[in-house]
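Using the hints, position chains S and W against chain E.
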Amino acid sequence: MSEKLLEVTHLSMRFGGLSAIEDLSFTANQREITALIGPNGAGKTTVFNCLTGFYRPSGGSLVLHRDARRFALERMADHRIAREAGVARTFQNIRLFAGMTLLENLVVAQHGELMRASRFSVAGLLGFPPYRRAEKIAVGKARDWLDRLGLTDRADMAAGGLSYGDRRRLEIARAMCTGPALLCLDEPAAGLNPHESAMLNDLLRAIRDEYRIGLLLIEHDMKVVMGISDHIVVLDHGNKIADGTPEAVRADPGVVRAYLGEPEEAGE
Amino acid sequence: MSAEPAAAAAPATNPIAPRRLAIGGILKEAFLTAIVALVLAIPLVGFRIVESGGTTGLRTRFWWVAIATGAVFAGRLALGLWRGAMPPRAVTGASWFDPVARYGRRHARLAAAAGIAVALALPALPYASRSVVDLATTVIIYVMLGWGLNVVVGLAGLLDLGYVAFYAVGAYSFALLAHDLGFTFWEALPLSGLLAATAGVLLGFPVLRLRGDYLAIVTLGFGEIIHILLLNWTSLTYGPNGIGDIPRPGLFGLVFERRAPPGFTTFHDFLGVPFNPSQRIDFLYYLVLALALIVNLFTLRLRRLPIGRAWEALREDEIACRALGINPVNVKLSAFGIGAMLGGFAGAFFATRQGFISPESFTFTESATILAIVVLGGMGSQMGVVLAALLLVVLPELGRGFAEFRMLIFGAAMVGIMVWRPQGLLARREPSLRLHPRGDGP
Amino acid sequence: MNYLLQQIINGVSLGAIYGLIAIGYTMVYGIIGMINFAHGEIYMVGAFVSLIAFMALGIAGITYIPLALLLVLVIAMVFTAAYGWAVERIAYRPLRGSYRLAPLISAIGMSIFLQNYVQLLQGARVKTLQPVVHGGITLATGSFGVQVSYLQLFILVLTIILMAVFSYVIAATPLGRAQRAVEQDSTMAALLGIDVDRTISLTFLIGAMLAAVAGMMVLLYYGVIDFFIGFEAGIKAFTAAVLGGIGSLPGAMLGGLLIGLIEALWSGYASVEYKDVMVFVVLVLVLIFRPSGLFGRPEVEKV
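Chains as they are written, first to last, in the working numbering: chain E, 1 to 268; chain S, 1 to 442; chain W, 1 to 303.
It should be emphasised that the hints constitute simulated quantities derived from the structure, not laboratory data. A quick note: this is a predicted structure, and the numbers were derived from the prediction, not measured. Treat the hints with caution; some may be incorrect.
[Unchecked claim] Computed Cβ-Cβ distance ranges for the label pairs, DEER-style:
1) W:Arg-93 <-> E:Arg-116: 44 to 54 Å
2) W:Gly-33 <-> E:Ala-72: 36 to 46 Å
3) S:Lys-28 <-> W:Thr-138: 55 to 65 Å
Glycine is no exception: its CB is placed at the ideal position from the N, C-alpha and C atoms.
Pulled out of the complex, with its shape left as it was, chain E reads as follows:
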């Protein structure tokens, strides 16, 4: 039984005279991978930016359900959305802390708990046991993720030195270290070769199955989308044109038209 995780209702986003998103409504469920697809410029990343607080929506509501609480994301600041509501994201252009090590990247993600444990750094400075314990736990969690990604032996290397595929996966691991309820991935398969894409699919499926979490995915790579999504929402020019299972969406004529364009008229 999937419970509702994210409810987007009548979302709209306007930039000056340009309407990037118009009256968008859809639901993403717990323990499901929901994919947001559509041609370029359809407004997918704009949806993400509204969800994660980088834009303030022009209208509509974004409700996140977590632990029997409701969070009205459209009214929250970006860092509060990440910290309190538990919405984590990765970026199209990969925003790792390139000069810091893999381990540090993953530990920074656990900043909230560690700051609390360090009691505004005072307990941390004095080396009190509760802080040391919290740090150990945080490092342990980071290590588990590094093990899962097979990057443990490079834990103390600068993150900027990783290969492209590894950087993408590390960014996902970093987002997971924040302990999110909703994981938003912006084109995680971009630039990956088929082998890396397959590894990514495994990773995302594993995350869906092992954690109490829902995933929201923007993606162009259809193999990834069709391969792992439980639910697909299709956007075109800021409007939703399809919403359903992968099979239903694949067959939807509106979707075909949007992606492939109008069939050529005779004599055109």
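Below, chains S and W without anything else, positioned relative to chain E:
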């Protein structure tokens, strides 16, 4: 164009054979450089504005122009010849200093321990005259300032060009607390730090949303505002005359004077030794050394705590920080506040050591010097700050004989060192957390 | 009312001078993204060269004022441009690929060097110039008369001409196009065959020339200069550039005028000591509400 003889191409395949110096090209370079020098020299070197009794006249010094041009020609020629004779540099931009830096990093603990040992023993070493210890005290004050600014610029990546403001707040609040309100050194010191920290947070608020270079100019402005306030708000700061008679610290109530004020014992009386001005100088030195070591431990620990990591993450990518739930406001304000506090401590110590402070000591040149120390040392590097402070404080002192040329050489050195090694002396970043113990891998 | 008018006239004249210096800052920042800390010193060099030129011309017997002004203008622009060019080649070009703080420190070092260079060569005392341009137009008489001096008119007219010329250059000539291209994307511009080094050098040259003009104007206006004027004017001019929105030429001039006005009005009506504080307060206020300055293009970071 005549075809190049095949022999000239040989050195590319035979690295052992001596390279043919392209004398023609080097001469041309030197000549052109000399022409530029000539043009630059004509107005300002060739002419000299002289004021004699109210009227202004003009003198010519064209033979100075000739000398300058000749010197530039010779210098550029020498540089060209030297560069030509050196083996070709790898494109990676490595330099002779890199192995030194690597060696230093690997033996950082040893180097630090050795440094502390020397510092502890300094007053007892031969040739350690009063002026040497005094100079060392100045170096340590600048090291503290460098570590403080390092938190703001090196760790958090916030370009602060007005750090002298916090130095001034610390010095003046100490002076006023001690001189006007009768606080002792040990009471006034933490209060000065607190006041400076408050100033840091207050100054941090307006700049929270500003991008790097805008942040720079606004902080520069704050530094200037503080300087103007110090000069003009005479009811509070005593204006250009400054504040004098700032009490010196004592050791558990023992004062370092020749004769004790009523109710106090002097240090030398207590120990039963004759009075020696060095006693106070040495005491101040050890005091600031202890303070600096505490500050060092403090900043090193902070770097390993979540707050320190948040600073560095903010420097790397603010948007990613927000996406991880980190509130940039808190991170920036804490960086400003703590950096300012450390500057305030340095200022308080400066005040008590000089016994007298005036607005002259708190100008933009100070901010620039401290920034140069941080950048030259290698941003974020504690050891680097120490090295850079040594260089930037001691070298001008050695040039005391050329007092007039001091600042000229200082400026030229700043340019030269940045062009030579822009990443600073000890640039590589040490991770604040390690999964594998050092030595096990990268 | 008359007093206000006079202050405004004074403020605009002063502002024009700041504006000319500010353009140099904003052009360099626009094209290579660095704060040319030594630019204030270039202006100072311009003032000194102008003074020397005036005196040399006087000795050579050229006393026809418009001719002298023209000659000094040209001489100052040529030599100051050489200084601006040399500073870029020595202190900034080697650091072009480096991180942002490196050229800034180098610039600060250059600034200190130039200040002391001039101080050593010309002495630390202030230098004076007998007034060259006399007289003016009286707009109103009475206890608070309003006068626009011919010098002020000259400053205004020259500034307008220079603004027009350089705006045209930026908008319509190959150099201007090359400059805008390099500003947007220097790698791409290089791939398209634009000589990036030369474009940048020319930018510094133009900035230095404008600063030279400002230096000559300040010499004529105040009649006294010293080696330290670069620092003070430099900060204010950079503030003007930021205020107007860094990267924007009209913004720089507008920022300069604003700052000149603030200075004149504040010293006229409030206190002289704190006029500089007022300038910064205005800057902070503007930046709080418009973080990219008045005409600045807000940098949209793509997420």
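Taking the hints in turn, this is what the structure says about them:
no. : hint                               : in the structure
1   : W:Arg-93 <-> E:Arg-116: 44 to 54 Å : holds, 49 Å
2   : W:Gly-33 <-> E:Ala-72: 36 to 46 Å  : holds, 40 Å
3   : S:Lys-28 <-> W:Thr-138: 55 to 65 Å : holds, 60 Å
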